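Take the sequences, apply the hints, and build the full model.
There are 2 protein chains.
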Amino acid sequence: MDWIAQVTERLRATGGRMTSQRRLILETLAQCTDHPTAEEVYRRARQRAPDLNLSTVYRTLRWLEELGVVGSQRFEGERPQDRFDPAISANPDHHHFRCRLCNTIIEFPAPLLEILKRDFIAHYGGSIESASLIFYGLCQSCLQKVESYGPLSFNPDAILDHTR
Amino acid sequence: MDWIAQVTERLRATGGRMTSQRRLILETLAQCTDHPTAEEVYRRARQRAPDLNLSTVYRTLRWLEELGVVGSQRFEGERPQDRFDPAISANPDHHHFRCRLCNTIIEFPAPLLEILKRDFIAHYGGSIESASLIFYGLCQSCLQKVESYGPLSFNPDAILDHTR
DNA sequence: GTTCGTGCAAATGATTTGCACTTCG
DNA sequence: CGAAGTGCAAATCATTTGCACGAAC
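Going down the list, the sequences are from chains W and A.
For the first sequence, numbering that gives the first Met the number 0 begins at 0 and goes up steadily by one.
For the second sequence, numbering that gives the first Met the number 0 begins at 0 and goes up steadily by one.
Just so you know, the hints here were simulated from the structure itself, not pulled from any lab data.
Computed from a prediction, not measured in an experiment: that's the story for all the values here.
Mixed in with the good hints, there may be bad ones.
Said to hold, decoys possible - Examples of chain W residues lying across from chain A (beta carbon under 8 Å, computed):
id: 1; residue: Gln46
id: 2; residue: Arg73
id: 3; residue: Phe96
id: 4; residue: Ile104
id: 5; residue: Ala109
id: 6; residue: Leu111
id: 7; residue: Leu115
id: 8; residue: Lys116
id: 9; residue: Phe119
id: 10; residue: Gly125
id: 11; residue: Ile127
id: 12; residue: Phe134
id: 13; residue: Tyr135
id: 14; residue: Gln139
What the hints assert, rightly or not - With a straight-line cut-off of 30 Å between C-alpha atoms, the simulated DSBU-like cross-links for lysine-lysine are:
id: 15; chain 1: W; residue 1: Lys116; chain 2: A; residue 2: Lys144
id: 16; chain 1: W; residue 1: Lys116; chain 2: A; residue 2: Lys116
id: 17; chain 1: A; residue 1: Lys116; chain 2: W; residue 2: Lys144
Beta carbons: idealized from backbone N, C-alpha and C, even for Gly.
Spelled out as structure tokens, the structure:
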């Protein structure tokens, strides 16, 4: 049984209905290899159904989030907006790296995080139910580009000269 | 030299001016043991200067963020709003635990994170400039309360009975 | 005195919601 | 048919911004 059929099943189990809009949004998500915003899902899906509404996209995404089918997170360095992660159900324990230059997001496992959790609980008590780990930096190809260009020589006076 | 004097110095170094509003906001932050929102800083500070404006609080907090004097982060499970962290300059390498019940935030060090960064770079290349790690769960005292209460017996039919 | 900062009100922008209409089961 | 979902427009709410006035240096 494929992903969409599984989601449909969970949906029916909670008294929900499968509609053409929901199917379209699910199919759009299934094709994503990135972490789209609601607006991006909307734009991509609307190519096949121009009268789809952004509210419906939001409602569907939030509903999928409750079902545990997609994740959502916000990243620093861009305008504050949720990005949705269709990979969470296939691969629940992943974390994110985001490249500051090309904005690529890399998903990676972090089994060592369990040790960090254990350390925390040993020191402070309590219990940990979930964790969010995000790395920010330069991805491999952006780092290579920056290195091959060499450092920029920044001279404020030279810039001022241009204005004369 | 105390914290406020240090901040004033950084401020002057970049052509900024010290005003009564900024001093008040700094003093308010210095007394915080939690991670207040802009609105909360505003409410606390306004007790001493009722004509302080929320815009000024935002502008000051963003400026302190640029100076590296305060940090800002958002937490899940509440309405999306920035929380400001006055402790970042005294203790730059800390991360956050947030209790799902009492909303207490615990700051903790995570030196092991360096190993996770090294592992990531070994696998994917690139470079890491910053990291955000947030744990969500129950703090020690909330966990004890939950455990001492014992599990709740949830019976939907019993709830329906009340409506008759 | 000139530059920088503040207060105020209005703008922004992502997200949510009320409501009349439509569709699924 | 009746509950659940959609489209549309309007509401929300945190945050930002334009502008005229006031304060710091």
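Checked hints:
1. Of the supplied interface hints, the one on Gln46 (chain W) is violated, with its beta-carbon coming no nearer than about 29 Å to a beta-carbon of chain A, more than 8 Å.
2. For Arg73 (chain W), the interface hint holds, the least distance from its beta-carbon to any beta-carbon of chain A being 6 Å, beneath 8 Å.
3. Hint status for Phe96 (chain W): holds, given a least beta-carbon distance of 6 Å to chain A, under 8 Å.
4. Violation of the interface hint for Ile104 (chain W) is found here, the shortest Cβ-Cβ separation to chain A being roughly 12 Å, above the 8 Å cut-off.
5. For Ala109 (chain W), the suggested interface contact is upheld, since its CB lies about 6 Å from the closest CB of chain A, less than 8 Å.
6. About 5 Å separates the beta-carbon of Leu111 (chain W) from the nearest beta-carbon of chain A, less than 8 Å, and the hint is met.
7. Because the smallest distance between the Cβ of Leu115 (chain W) and any Cβ of chain A comes to about 5 Å, under 8 Å, the interface hint for this residue holds.
8. For Lys116 (chain W), the interface hint holds, the least distance from its beta-carbon to any beta-carbon of chain A being 7 Å, beneath 8 Å.
9. Of the supplied interface hints, the one on Phe119 (chain W) holds, with its beta-carbon coming within about 6 Å of a beta-carbon of chain A, less than 8 Å.
10. The interface hint given for Gly125 (chain W) is met, as the beta carbon of that residue sits about 5 Å from the closest beta carbon of chain A, less than 8 Å.
11. Hint status for Ile127 (chain W): holds, given a least beta-carbon distance of 4 Å to chain A, under 8 Å.
12. Of the supplied interface hints, the one on Phe134 (chain W) holds, with its beta-carbon coming within about 5 Å of a beta-carbon of chain A, less than 8 Å.
13. Among the interface hints, the one on Tyr135 (chain W) holds; its C-beta lies about 5 Å from the nearest C-beta in chain A, closer than the 8 Å criterion.
14. Taking 8 Å as the C-beta cut-off, the interface hint given for Gln139 (chain W) holds, the closest approach to chain A being about 3 Å.
15. Between Lys116 (chain W) and Lys144 (chain A) the CA atoms are separated by roughly 21 Å; this keeps the pair inside 30 Å, and the hint holds.
16. Proximity of Lys116 (chain W) to Lys116 (chain A) is assessed by CA-CA distance (about 16 Å); at most 30 Å being required, the pair is judged to hold.
17. For the proposed pair Lys116 (chain A) and Lys144 (chain W), the alpha carbon gap of about 21 Å is at most 30 Å, so the pair holds.
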